[in-house]
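Undergrad: So you can see what is in the structure, the chains are spelled out below.
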Amino acid sequence: MTMSVTQQVITIAMVVLGTMLTRFLPFILFPAGKTTPDYIRYLGRVLPTAVLGLLVIYCLKDVTFLSGTYGIPEMVGVASVVLIHFWKKNMLLSIASGTVVYMVMIQVVF
Amino acid sequence: MTDRNHITAALRSAFPLTIPIMAGFIFLGIAYGIYMNSLGFHPIYPILMSLVIYSGSMEFLAATLLLATFNPLYALVLTIMVNARHIFYGISMLEKYKGMGKKKFYLIYGLSDEAFSINSTADIPRHIDRGWFMFFVTMLNHGYWVVGSIIGAYFGAFIPFNTEGLEFVLTALFVVILMDNWMKEKNHRSAGIGLCCSVICLVIFGGDLFIIPTMFAILAVLTILRKPHEKVEVSTV
Chain A
103 MTMSVTQQVI TIAMVVLGTM LTRFLPFILF PAGKTTPDYI RYLGRVLPTA VLGLLVIYCL
163 KDVTFLSGTY GIPEMVGVAS VVLIHFWKKN MLLSIASGTV VYMVMIQVVF
Chain B
9 MTDRNHITAA LRSAFPLTIP IMAGFIFLGI AYGIYMNSLG FHPIYPILMS LVIYSGSMEF
69 LAATLLLATF NPLYALVLTI MVNARHIFYG ISMLEKYKGM GKKKFYLIYG LSDEAFSINS
129 TADIPRHIDR GWFMFFVTML NHGYWVVGSI IGAYFGAFIP FNTEGLEFVL TALFVVILMD
189 NWMKEKNHRS AGIGLCCSVI CLVIFGGDLF IIPTMFAILA VLTILRKPHE KVEVSTV
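Line by line, the protein sequences give chains A and B. FYI, my numbering numbers position 48 of the first sequence as 150, with every residue one higher than the one before it. FYI, my numbering numbers position 201 of the second sequence as 209, with every residue one higher than the one before it.
Hints in this document: simulated from the structure, not taken from any laboratory. Be aware that a few hints might be false.
What the hints assert, rightly or not - Partner residues aside, some chain B positions facing chain A, computed with beta carbon under 8 Å:
id	residue
1	M57
2	E193
3	S206
To be verified - So the derived label-pair ranges between C-beta atoms look like this:
id	chain 1	residue 1	chain 2	residue 2	range
4	A	V107	B	P133	45 to 53 Å
5	A	T166	B	I220	16 to 24 Å
6	B	P24	A	K136	30 to 38 Å
7	B	T171	A	T166	19 to 27 Å
8	B	A17	A	L195	22 to 30 Å
9	A	L119	B	L75	16 to 24 Å
10	B	H196	A	L195	21 to 29 Å
11	A	I112	B	G48	14 to 22 Å
12	B	N13	A	K163	42 to 50 Å
13	A	L131	B	L47	32 to 40 Å
14	A	T104	B	I52	15 to 23 Å
Ideal placement from N, C-alpha and C gives every residue a C-beta, glycine not left out.
Let the hints inform the model, and build the full structure from the sequences given.
TA: So this is what it looks like as structure tokens:
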């Protein structure tokens, strides 16, 4: 390590500061005591589902479809989750099943 | 006594929803603890960093920052870029986190991907206190992450079974929550916009850079669609 402990603490503090900035910023700009602008309230209504879509793609962003496993374990895993959830409507069951399917494929099949 | 039962009920209601996150976070926390060990850090580092940074991808990056030349401004800017998507979480939770009292600060502090996905979509039973429910979702998630890091930092070498692929549990969680919302909503536009903008930007910009362009794209499309959306909503009411 090239850093002194003080420098390490400062670096970690910067990471904390950056993280908290992204999390607290909306609440600082639009405090609870004031009326939130209509546009922001509109975003508050429509963003959650859009962001969930972003999160799913974010989780799959490192999948390579043109080499290696060709993304097959991921696609089969996601398909398992979707099918079982559609069929059984049980959150824990579909998540556990999809994960087990994925783990088996990644550890045994490929 | 009534107040205590109140809080206990919220905890019991929140816990089941966090079980997938427990599996994912303890595993990832362990991986993080092991990783920090392999870089030569004392166990106290991953534990404290899990406690105060509480941003998985950024904690892994912070490890490489600590091994590089001292550059605090770079650390700050990198963190903001990596965690930019959290701004959208905050905007989404503005209304939901109102009226929470002091708990609000911890709720904002712990607004991770997972806390956001559950707190923004959960159907909280009427008799359950919303504030305590969301507080426990946030706190349980945070706790799993720290516990995982502790296990990894001290006992990582002794895990008896192959855990490769377990991180998929978090992907599965987001898929399930997205599906629930899809089936609940009449209008699937937001989900479609999120998915399409993400895929397009991923293809164009690559995995390391696509988040911020995606955020701008989602904002632009939702803004353009706002008026028709609003009219539909008004006429429905």
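Undergrad: Hint by hint, say whether it matches the structure.
TA: Hints, one by one, checked against the model:
For M57 of chain B, the interface hint holds, the least distance from its beta-carbon to any beta-carbon of chain A being 6 Å, beneath 8 Å. Interface restraint check: E193 of chain B against chain A, minimum CB-CB distance 7 Å, threshold 8 Å, status holds. A hinted interface residue such as S206 of chain B counts as satisfied when its beta carbon comes closer than 8 Å to some beta carbon of chain A; here the least separation is about 4 Å, so the hint holds. About 48 Å separates the C-beta atoms of V107 of chain A and P133 of chain B, a value consistent with the hinted range of 45 to 53 Å.
Separated by about 22 Å at the C-beta atoms, T166 of chain A and I220 of chain B satisfy the suggested range of 16 to 24 Å. Here the CB-CB span from P24 of chain B to K136 of chain A is close to 36 Å, well matched to the stated 30 to 38 Å. A hinted range of 19 to 27 Å for the beta carbons of T171 of chain B and T166 of chain A is consistent with their spacing of about 22 Å. For A17 of chain B and L195 of chain A, the Cβ-Cβ distance of about 24 Å falls inside the hinted range of 22 to 30 Å, so the restraint holds.
As the Cβ distance of L119 of chain A to L75 of chain B is approximately 20 Å, the hint placing it in 16 to 24 Å holds. Look at H196 of chain B against L195 of chain A: about 24 Å separates their beta carbons, and that is inside 21 to 29 Å. Under the hint 14 to 22 Å, the C-beta atoms of I112 of chain A and G48 of chain B, about 20 Å apart, fit the expected range. Distance hint check for N13 of chain B and K163 of chain A: the Cβ-Cβ separation is about 44 Å, which falls inside the suggested range of 42 to 50 Å.
The given range of 32 to 40 Å is respected by L131 of chain A and L47 of chain B, whose C-beta atoms sit roughly 38 Å from each other. Between T104 of chain A and I52 of chain B the beta carbon distance is about 20 Å. The supplied range of 15 to 23 Å therefore holds.
Against the hints set out earlier in the document, no violation occurs for any number.
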